[in-house]
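In the order they appear, the protein sequences are chains A and B.
Each residue of the first sequence is one higher than the one before, starting from 1 at the first, in the numbering used here.
Each residue of the second sequence is one higher than the one before, starting from 1 at the first, in the numbering used here.
Misleading hints may appear alongside valid ones.
Covered by chain B, per the in silico footprint, the following chain A stretches (three or more residues, Cβ under 8 Å) [stated by the list, open to error]: (1) 5-12; (2) 15-22; (3) 25-39.
Hint data in this document are derived by calculation from the structure and do not stem from the laboratory.
Because the structure is a prediction, the values reported are computed rather than measured.
The C-beta atom is built at its ideal place from N, Cα and C for all residues, glycine as well.
Chain by chain, the residues:
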Amino acid sequence: MTDPIRLRDPRSGATTQLRGLLAAGRSEMPDTKRLRSIACGLGLVPAIAPSGVGALAHVGSKWLSAGVLKIGATVLLVGVGASVFAARSHPVPATDERLTTSVTSVRPQSTPLGSTDVPQVPEQVAIVVSTVSATRPIRSGGGRSGSAATSEIVSKTAIGASTTGATPANEPAASHQAQGSVPSTWGSAAPAPADRAGAAVEASVALDLALRDERSSGGLVEDRDVAIIEALVHLGRMGEARQRAARFFRVFPGSARRRQVAELVGFDLGTQNP
Amino acid sequence: LPRDLVLESHSAAPPRELTAAALFDEHAAFAWRVLRRLGVTDADADDACQEVFLTVHRRLHAFEGRSSPRTWIYGICIRVAADYRKRATTRREISSSKPPEQVVEASQMGDVARREARALLDRILDGLDDDKRAAFVLYEIEELPLREVAAALGCPLKTAFSRLQAARREVEDALERLRAKEERHD
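One chain only, chain A, in its complex shape:
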């Protein structure tokens, strides 16, 4: 039986419209982006390049942004609550005064784990400013008297601002204490440089660990496990690292990276049986 002439062939006698429809149906192809996405889902290509600093930074910044928003919202709420409490317990002068709070958040730096240099860690990633402008004195304990004041609440989120950028330039620094309604530790008590460096290193490794743990499907599972073990060792979580290593030996008995894993957790493959 020979194949009949296809309808797309002008000799078939099909109408031009039908041939056009068939051609249109044939013209639809997925773009490379979609195919790559499908391939990623199947584990044929890595979803995130293993050493892709840019990709890591991108995901990290998304996480940080989400975290920053949460912190910002929390501080804003606490700030408003504290100012209302202060307005009730202390009379506010008639002059235009402001109440400013700020919060700093640590952005992890890609500091080498072995480095002894102190990184410039406390990069401010969020600023939350609560401003209360009082046009006339608020009576102490005045119940709903706070509503008499003109209240303006401004919240701002800025990425990459400097540490002192939280306070406006024309804002007297002492106003935090003068108001007495907001814990001074929010704006001023930064940890010591050594602590900040330690926090940064830990945050960096923890972020890396979390990201690698998330990238759990596909052919890079082996790489991921090794990276996790490495991160755990750097974090000093040797117990977990050894557990992971034991699992690695069990799941990938023929892996070419067994030796590397064994060296990481101090396991002697020659004498010990994983």
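Here the structure of chain A is known, so what remains is to put chain B in place on it, guided by the hints.
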């Protein structure tokens, strides 16, 4: 997917390496297109395509090479698309007789015309039953030889032929009805 699966062909030809990854590289785009023409929506086509190649991966060891890999994959596409259409979740979209109005630039008019043509084609194909639709799509759009169409459908050659002929008649009738309707509106 492991890239080291090797297919021992049962044919006279020497064994050739046939990996899931290689099959994906070669056939994914066509499988995706077949799925679209078999009624899988654009939004779900990627997932369906992934399902096809997961099946390829799972069943590769059982593939005996009696048909070409392309035919085998198209056969999987037919089953995945049929399952897709049966699932209740596919009914979440409301079909409408006219495509939604969109504002497009002049340079995109060609794309729009093609998209509208595809929408019309899909509407016509929706009127066919699964078997006829598959025969029509594989033969007229994917341009597979009828023998391979029969293999993908898992039916005798004559059955594939009669399904194709029936599908052609229905498609032409549907177009004719559409034309008559448009003339009445004019």
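Hint check results:
{"no.": "1", "hint": "5-12", "result": "holds (count 3)"}
{"no.": "2", "hint": "15-22", "result": "holds (count 6)"}
{"no.": "3", "hint": "25-39", "result": "holds (count 11)"}
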